[in-house]
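2 protein chains.
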Amino acid sequence: MIKEKIKVEVIGLELPIFKGNENVNIAELISQYPIEDGDIIVIAETLISKLEGNVIDKDKIIPSKEAIELAKKTGKDPKVVQVILDEAKEIVKVGKNFIITETKHGFVCANSGVDESNVSNGIKTLPKNPDESAEKIRKDIEKLTGKKVGVIISDSVGRPFRKGSVGIAIGVSGIIALWDRKGEKDLFGRALKTTEVAIADELASMANVVMGEADEGIPVVIIRGAKVPLGDGKGKDLIRPKEEDVFR
Amino acid sequence: MIKEKIKVEVIGLELPIFKGNENVNIAELISQYPIEDGDIIVIAETLISKLEGNVIDKDKIIPSKEAIELAKKTGKDPKVVQVILDEAKEIVKVGKNFIITETKHGFVCANSGVDESNVSNGIKTLPKNPDESAEKIRKDIEKLTGKKVGVIISDSVGRPFRKGSVGIAIGVSGIIALWDRKGEKDLFGRALKTTEVAIADELASMANVVMGEADEGIPVVIIRGAKVPLGDGKGKDLIRPKEEDVFR
Ligand SMILES: Nc1nc2c(ncn2[C@@H]2O[C@H](COP(=O)(O)OP(=O)(O)O)[C@@H](O)[C@H]2O)c(=O)[nH]1
Ligand SMILES: Nc1nc2c(ncn2[C@@H]2O[C@H](COP(=O)(O)OP(=O)(O)O)[C@@H](O)[C@H]2O)c(=O)[nH]1
Ligand SMILES: [Mn+2]
Ligand SMILES: [Mn+2]
Ligand SMILES: [Mn+2]
Ligand SMILES: [Mn+2]
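In the order they appear, the protein sequences are chains H and B.
In terms of my numbering, the first sequence opens at residue 6 and continues consecutively.
In terms of my numbering, the second sequence opens at residue 6 and continues consecutively.
Don't take every hint at face value.
Identical copies carry no separate label here, and so any pair may be met within one copy or between two of them.
Unchecked claim - Pairs of lysine-lysine, DSS-like flavour, derived with a Cα cap of 30 angstroms:
1. 101 - 247
2. 81 - 12
3. 152 - 10
4. 70 - 190
5. 190 - 24
These aren't lab readings, by the way, just hints derived from the structure by calculation.
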């Protein structure tokens, strides 16, 4: 008989649907759930961003000449392109139907992370400072519950070489984000050579399986029982600087 | 009070340590665990590869001139470089201390996926045909248990733009691998535009959180309760063809 060695639970919470601008404290809401020590709480950036009020009314956007040009080239809505440009530090790659940028935060992703889905009306940008938001929410939850937790703010992104989107961690607090395991022993006592694990990204993908991308209505997921070291990891730890990236 | 909407379990199994060449039927071993309908069974490629006998004795490798050149350039062991070259269809990028290739299977990854960790002695290559192995194991488990399951063979890989490694699916059977959700409705009834989800990669990352990378000794993880459609997805579905990849 084969036995279990470890069991991790991934719990999707039932929450109201928000349009944005609601006066809601997300930490208070989450703290109503019986949080335990070591829980890792993953929150979809869409929820954070709506509550931050990062939803732009389309009627108020006047696309620049550059946005209109780029809209023609990509077949996108000029107003959406304007927001993408406003959110970008650099344009990384442009093609038919896509604009890949480096955002103001340093994330390389399609459309500067700008999205219209799961927003009632308008164009939604990414949270302004995901690491700060993660930290604030973590501290509030810890105060309200008396438990030590980790918080991750997640997004769904595409990537080179492979098709489809996966969950990544854009904001992190309370746990390690990039886990350096070099020097640890393998099963045969040999030291691992180059093993840096993007554990916060893996946790975000783990949560994303439960969140989904459509009308599941699950913007918050609790990961319980994962053996991830506490620490002061940041979403920024996972960004590969341009100078070190052979694919930029 | 906030309620749970869904709970997924991620269960790491207790298994023996294999050196390779053991005469073990992995499907029989896994089937000793009480498998349920809809379980997704994620297996580390390291385990599959060891049982396939894909471990090369270093003493038997004679590096070619090309391997010796590339070893100098990268600071790698010429014998390891020879195996990396043997496993590669194309060299994608070379630098100080790294060789990124497209493997014979079509995966773009560091060192053709060749690795020396968690192997007792020698250099381990990737499974020869991960989709076929996943299918064979799935069919055997279904026969032995009478349950419908999904099987994923996972590996840990690095990626552009972001630091650290994450779990991906190199072999898939019994479930969808690339989940096309275009046209499905969001929370406000609007159709999703471009949402293709690499669900098998997210499941592999989910499992990888439990597997770890060192001496955890957890090469098999059961994911129970995830709402992933059954289907005939393949690991190959997740490979972005070179012609469609703007970063190659
Ligand atoms: N209950 C609830 N769920 C939401 C809300 N906004 C988004 N979601 C859910 O959060 C999950 C992730 O949504 P998605 O649009 O993929 O967000 P992203 O990955 O952060 O860009 C999905 O299950 C959505 O249905 C909300 O206001 N309330
Ligand atoms: N019990 C057991 N665990 C193994 C064996 N080989 C690898 N593992 C474990 O499988 C997990 C993944 O190992 P890793 O080297 O990262 O494999 P990869 O991701 O497939 O390249 C870790 O928990 C290892 O300790 C084995 O023969 N027996
Ligand atoms: Mn998003
Ligand atoms: Mn998403
Ligand atoms: Mn491997
Ligand atoms: Mn691994």
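Here is how each hint holds up against the structure:
no.: 1; hint: 101 - 247; result: both (24 angstroms within a copy, 16 angstroms between copies)
no.: 2; hint: 81 - 12; result: neither (45 angstroms within a copy, 38 angstroms between copies)
no.: 3; hint: 152 - 10; result: both (25 angstroms within a copy, 22 angstroms between copies)
no.: 4; hint: 70 - 190; result: neither (57 angstroms within a copy, 33 angstroms between copies)
no.: 5; hint: 190 - 24; result: between (49 angstroms within a copy, 16 angstroms between copies)
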